[in-house]
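Q: All chains, please: the whole structure from these sequences, using the hints.
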Amino acid sequence: MIQNLGLEGGGGSQLVRASPERHLLRQSSAAAGQLPLARLGRHHPLFCLLVLGGKAYGLLKAKQEGRLEEINKEFLCDPKFSDEEDLEEKLAVFKEKYMEFDLNNQGEIDLMSVKRMMEKLGAPKTHLELKKMISEVTGGVSDTISYQDFVNVMLGKRSAVLKLVMMFEGKANESTPRRSGPPPERDISSLP
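For what it's worth, the numbering used here labels the leading residue of the sequence shown as 1, then goes sequentially.
Keep in mind that the hints are not guaranteed to be accurate.
[Said to hold, decoys possible] Mimicking BS3-like on lysine-lysine, the simulated pairs with C-alpha atoms at most 27 angstroms apart in a straight line are:
{"#": "1", "residue 1": "K90", "residue 2": "K63"}
{"#": "2", "residue 1": "K97", "residue 2": "K120"}
{"#": "3", "residue 1": "K95", "residue 2": "K61"}
{"#": "4", "residue 1": "K80", "residue 2": "K95"}
{"#": "5", "residue 1": "K115", "residue 2": "K61"}
{"#": "6", "residue 1": "K95", "residue 2": "K125"}
{"#": "7", "residue 1": "K120", "residue 2": "K132"}
{"#": "8", "residue 1": "K131", "residue 2": "K90"}
{"#": "9", "residue 1": "K63", "residue 2": "K125"}
[Said to hold, decoys possible] Between beta-carbon pairs, the in silico distance windows are:
{"#": "10", "residue 1": "P183", "residue 2": "G107", "range": "38 to 48 angstroms"}
{"#": "11", "residue 1": "A92", "residue 2": "R116", "range": "18 to 28 angstroms"}
{"#": "12", "residue 1": "S142", "residue 2": "S180", "range": "23 to 33 angstroms"}
In short, the hints are calculated from the structure, not lab data.
Backbone N, C-alpha and C define an ideal beta-carbon position, used for all residues, glycine too.
A: As structure tokens, then:
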């Protein structure tokens, strides 16, 4: 399918319109609301979603979930974590959170993903603070957080900033349950 679209050659002028219609266009990359396909890899989730559709994106996420599940099995077999209570449930929660923020499906959370996570939690951080957070998690070895590092921090005894943030998010979600359905009707007396 990719060869039929002429995307294998990597022509820089082929673009995808970021709209529900998902039209393929041939225009300059300066057009608003469009993404150059040449920059996106074939395995990039955005490429799969916009060009190949939801089925390919679902397969991509299923592969990612399989890889993370294998890593979870290693943690379950590790004697270092054998005394951890509810380990299997915790690993399942960690896997879901990691998949939510590993948008490029590279198996690592980069600076922009951590930034997005912090903004979603309502605690935006500067780039310097984010770099410090990542170096604390990885021990200064990498600029990205791997799943193993993520789980080690979440299960570890030291209190990393990321662990505190993720625990805060869990408690915030428990304390404020979201209502489902349409919002309640308001009358004139309820207005300020």
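Q: Any hints this thing doesn't respect? Which numbers, in order?
A: Violated hints (numbers, rising): 9 and 12; every other hint is consistent with the structure.
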